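2 protein chains.
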Amino acid sequence: MATKSEPSILMLSLLIVVIFSSLPSLASRPSTPPSSSSKWAPRFLGRFAKPPKQNQQHQAQYRYETRYFSQRLDHFSFSDLPSFQQRYLISTEHWLGPERLGPIFFYCGNEGDIEWFAANTGFVWEIAPRFGAMVVFPEHRYYGESMPYASANEAYKNATTLAFLTAEQALADFSVLIRELKRNLSAEACPVVLFGGSYGGMLAAWMRLKYPHIAIGALSSSAPILQFEDIVPPETFYDIVSGAFKRESTSCFDTIKESWDVLKSEETVDRTLKKTEDLSEWLESAYNFLAMVNYPYSANFMMPLPGHPIREVCKKIDGSPEGTGTLERIFEGVSVYYNYTGGVDCFQLDDDPHGMDGWNWQACTEMVMPMSSSRDASMFPTYDYNYSSFQEECWKDFRVKPRPRWITVEFGGHDIKTSLKKFGSNIIFSNGLLDPWSGGSVLQNLSETIVALVTEEGAHHIDLRASSSEDPDWLLEQRAIEIKLIESWIHNYYQEKKAISNM
Amino acid sequence: MATKSEPSILMLSLLIVVIFSSLPSLASRPSTPPSSSSKWAPRFLGRFAKPPKQNQQHQAQYRYETRYFSQRLDHFSFSDLPSFQQRYLISTEHWLGPERLGPIFFYCGNEGDIEWFAANTGFVWEIAPRFGAMVVFPEHRYYGESMPYASANEAYKNATTLAFLTAEQALADFSVLIRELKRNLSAEACPVVLFGGSYGGMLAAWMRLKYPHIAIGALSSSAPILQFEDIVPPETFYDIVSGAFKRESTSCFDTIKESWDVLKSEETVDRTLKKTEDLSEWLESAYNFLAMVNYPYSANFMMPLPGHPIREVCKKIDGSPEGTGTLERIFEGVSVYYNYTGGVDCFQLDDDPHGMDGWNWQACTEMVMPMSSSRDASMFPTYDYNYSSFQEECWKDFRVKPRPRWITVEFGGHDIKTSLKKFGSNIIFSNGLLDPWSGGSVLQNLSETIVALVTEEGAHHIDLRASSSEDPDWLLEQRAIEIKLIESWIHNYYQEKKAISNM
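Residue numbers (the UniProt record's numbering), protein chains in the order written: chain A, 1 to 503; chain B, 1 to 503.
The set of hints was computed from the structure by calculation and includes no laboratory data.
Keep in mind that a hint or two might mislead.
The list treats identical chains as one, so a pair stands whether inside a single copy or across any two.
[To be verified] With a straight-line Cα cutoff of 25 Å, these simulated BS3-like cross-link-like pairs (lysine-lysine) come out:
#1 157 with 257
#2 422 with 396
#3 497 with 422
#4 257 with 315
#5 182 with 401
#6 417 with 182
#7 498 with 257
#8 484 with 246
#9 157 with 421
#10 498 with 417
#11 417 with 497
#12 422 with 401
#13 422 with 484
#14 157 with 401
#15 421 with 484
#16 422 with 182
Being a predicted model, the structure only gives us computed values, none of them experimental.
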């Protein structure tokens with residue numbers, strides 16, 4: 001099928017050139033399992049988390065000071081290791097100060113440059129004034145400027161230097177930083193509220209669970225803390241991506257589903273086309289990404305995109321004149337995506353001095369998220385998760401052995417309803433069901449104060465973004481509930497403090 | 001004063017000979033700050049935690065299997081380090097098994113040989129049958145047979161090899177062990193209840209807080225989790241020890257209080273007596289220890305002692321004929337203590353290959369417990385805690401820099417009422433007010449399910465000991481409440497499980 005009007009080699013080559021000149025980061029590694037590699041689960045957005053200059057101009061500019069804090073490399077041993085400088089952004093502009101117990105809003109930095117996250121987390125900046133809150137954005141170790149061993153080159157040298165890039169160490173960094181910040185400001189009694197999206201949302205939830213004495217609550221947005229082991233079915237992610245396309249149009253879904261074979265047959269037609277595999281991977285990444293940022297209005301998260309971008313992609317795929325070949329339709333479709341990105345710099349490669357990459361290391365060590373692609377519900381090539389080959393590739397790339405069961409030992413996940421029903425408090429798990437990561441997140445209330453906010457039309461941590469005149473009602477409502485809940489945490493904290501000091 | 005009838009040099013030398021031949025471990029290190037060293041906080045009982053053969057015969061013999069489990073040396077990094085074998089004792093004799101969700105009673109091994117703790121924690125063994133519980137006693141890393149680097153010699157070689165002797169690593173050991181044990185037995189759904197006394201009680205409480213998904217509750221007996229930084233006044237410990245003596249007799253307290261100067265003047269009289277300082281330290285240790293095991297009936301915890309041993313000591317001190325000198329009285333008094341110990345082997349030194357010692361390492365790294373001796377309320381020489389000299393001695397001994405604020409960053413402690421009032425559940429903090437460690441423990445309920453059981457007449461984790469015909473009513477009652485609470489945890493857990501599986 002679809003062999004008559006296949007796009008010319010020229011067109012495909014052009015496509016690849018566009019890909020490689022505009023978004024090399026997407027294609028530079030196999031980033032989805034279905035095609036050739038079993039290794040990489042889909043990425044969060046952090047991969048792109050270095051501010052593209054053009055985009056930056058369109059972002060709201062928030063005012064903060066940049067500071068550095070000396071951290072231990074291993075908080076959990078007394079090995080004699082060099083310390084490193086953790087960068088953090090701080091604004092006390094609206095802070096009520098220590099006497100009035102002004103809150104501290106603390107964003108759990110995730111896998112990328114913290115300035116970029118600060119620029120893309122408008123919600124925190126916007127609500128800080130009404131709470132009289134200080135705002136702190138600490139950078140995650142091994143990302144951005146927060147490099148152990150003085151440089152990314154050294155930090156990413158090998159498994160020995162990368163060994164301390166773990167979530168637990170990052171949480172300890174945050175905790176030590178908060179403690180010392182508070183000490184310096186005589187602000188020990190000020191309540192800390194955590195925020196985070198994606199992996200940062202996982203960190204925020206885990207930190208509230210592990211360091212309840214440090215932070216009184218956490219807004220954990222789009223955080224797939226259950227995407228480990230067999231807690232959710234491994235097909236979940238790709239099924240949701242696929243569902244987002246099917247929801248717009250069955251024929252769009254079908255066209256994409258049949259395109260993989262066509263792409264393969266292209267390869268047999270022209271054996272000089274070495275990049276077919278990369279092309280498949282890039283297409284898969286593009287679909288995943290489109291599902292994550294399937295926002296209801298035009299947004300400029302990684303790149304400028306129209307509102308309901310999947311709808312737009314499918315319109316193109318479906319709308320081509322009769323007789324248009326499969327690949328040509330696909331090409332038309334994803335042009336919605338890459339056409340917008342022509343101006344984006346090659347912003348990832350220089351973060352990645354040895355072909356290594358922080359998130360890949362994390363995925364190969366702790367963040368082992370099994371992913372399969374189902375036969376029917378998925379529009380991607382069928383694929384069964386294969387731990388052995390995953391492990392082999394991690395060994396090849398990093399000389400490290402993954403610990404696939406560690407995260408749930410350390411942070412839980414299995415049977416989370418029983419274990420947290422009477423334990424813990426003050427966590428919001430917010431999710432949009434269009435987001436493929438929602439499938440591994442907490443979508444039901446676990447207790448009275450560990451609550452799930454689920455929106456039908458939401459995508460990847462849209463609630464953390466700056467407000468916009470185009471915000472739909474459900475988003476306004478979601479944010480209002482979040483504000484109310486955070487207010488109640490702080491209010492209750494003040495009440496407790498008062499009750500105890502009156503005793 | 002008290003210079004006329006000072007004990008002869010012979011008598012003092014004899015005393016020292018007795019000390020060194022019977023209980024060298026007590027005197028081999030400065031173990032209390034007041035005299036010469038600022039370094040050592042009083043020890044828990046674990047110092048002695050190798051089974052004295054004679055005592056062992058009198059202990060109930062519990063049946064268990066001894067097994068070994070391979071553990072990572074650093075759970076929180078991916079450094080390429082050798083694994084080690086953790087020993088654990090296990091009994092499934094009374095276990096209901098996985099289908100009936102039989103509970104798992106898990107004792108958090110503390111700073112010593114686990115067989116000794118198993119022999120001295122009769123409560124767990126005695127109540128296991130009525131719960132249909134499995135019993136597991138895992139050994140703490142770097143103690144007993146659970147040595148990294150294959151031997152104590154290697155493990156205790158230097159700061160590099162000792163680096164991984166931390167409480168957090170021990171908790172991770174426990175958590176990984178439980179997870180793998182359950183997996184092997186298909187017992188994932190079986191509820192785990194933690195037990196621990198002293199440092200082990202701290203571990204139990206911290207583990208319930210940090211790994212709520214692994215264990216449903218903890219009985220944390222005599223666990224001074226607040227004995228850090230400035231959370232409780234540094235005089236607390238010695239004031240309580242002193243109070244236990246004053247309570248029996250003011251003149252006893254006074255005699256001890258004046259004895260230190262007399263001892264010092266002895267030193268000036270006979271400069272060949274190099275051991276005066278050691279003698280002071282041994283006396284201090286003896287008093288501390290007597291306060292800890294000031295049980296209401298004769299017991300054989302470390303050594304056979306009469307009931308109310310402090311009363312007996314004071315009877316001797318006070319009851320000597322008029323004209324008896326201070327040191328002679330002291331000598332008569334502590335004979336209650338060491339006379340019982342003549343048969344005890346030198347059981348500590350061989351645990352301590354390089355003059356190093358696990359607990360001293362822990363005290364020099366994380367477990368920094370400031371201790372002062374007050375001018376009036378304490379019967380010990382006045383002493384103000386001095387962190388600088390403490391730090392210096394740690395550097396001299398181990399080449400390690402303490403982290404005095406780390407424990408409260410990792411586990412909390414400051415303002416614990418506010419932080420745990422609405423967070424956490426199912427912890428019993430049991431304490432006897434005679435125990436000097438009770439001053440750094442949780443003595444008030446923190447919430448409905450984080451409760452304090454305080455007994456006026458109790459001493460160091462007496463509730464964990466095997467029942468005895470001499471148990472006073474308050475102890476029977478305390479244990480009955482503990483059993484009831486544990487029953488309620490398990491009952492609630494079963495209810496939750498049922499409710500969720502019915503959903």
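Hint check results:
no.	hint	in the structure
1	157 with 257	neither (40 Å within a copy, 62 Å between copies)
2	422 with 396	neither (43 Å within a copy, 47 Å between copies)
3	497 with 422	both (22 Å within a copy, 12 Å between copies)
4	257 with 315	within (16 Å within a copy, 91 Å between copies)
5	182 with 401	between (38 Å within a copy, 23 Å between copies)
6	417 with 182	between (34 Å within a copy, 19 Å between copies)
7	498 with 257	neither (61 Å within a copy, 42 Å between copies)
8	484 with 246	neither (36 Å within a copy, 56 Å between copies)
9	157 with 421	neither (43 Å within a copy, 46 Å between copies)
10	498 with 417	between (32 Å within a copy, 12 Å between copies)
11	417 with 497	between (29 Å within a copy, 9 Å between copies)
12	422 with 401	neither (35 Å within a copy, 39 Å between copies)
13	422 with 484	both (22 Å within a copy, 18 Å between copies)
14	157 with 401	within (17 Å within a copy, 28 Å between copies)
15	421 with 484	both (22 Å within a copy, 21 Å between copies)
16	422 with 182	between (30 Å within a copy, 22 Å between copies)
The structure shown violates the earlier hints numbered 1, 2, 7, 8, 9, 12.
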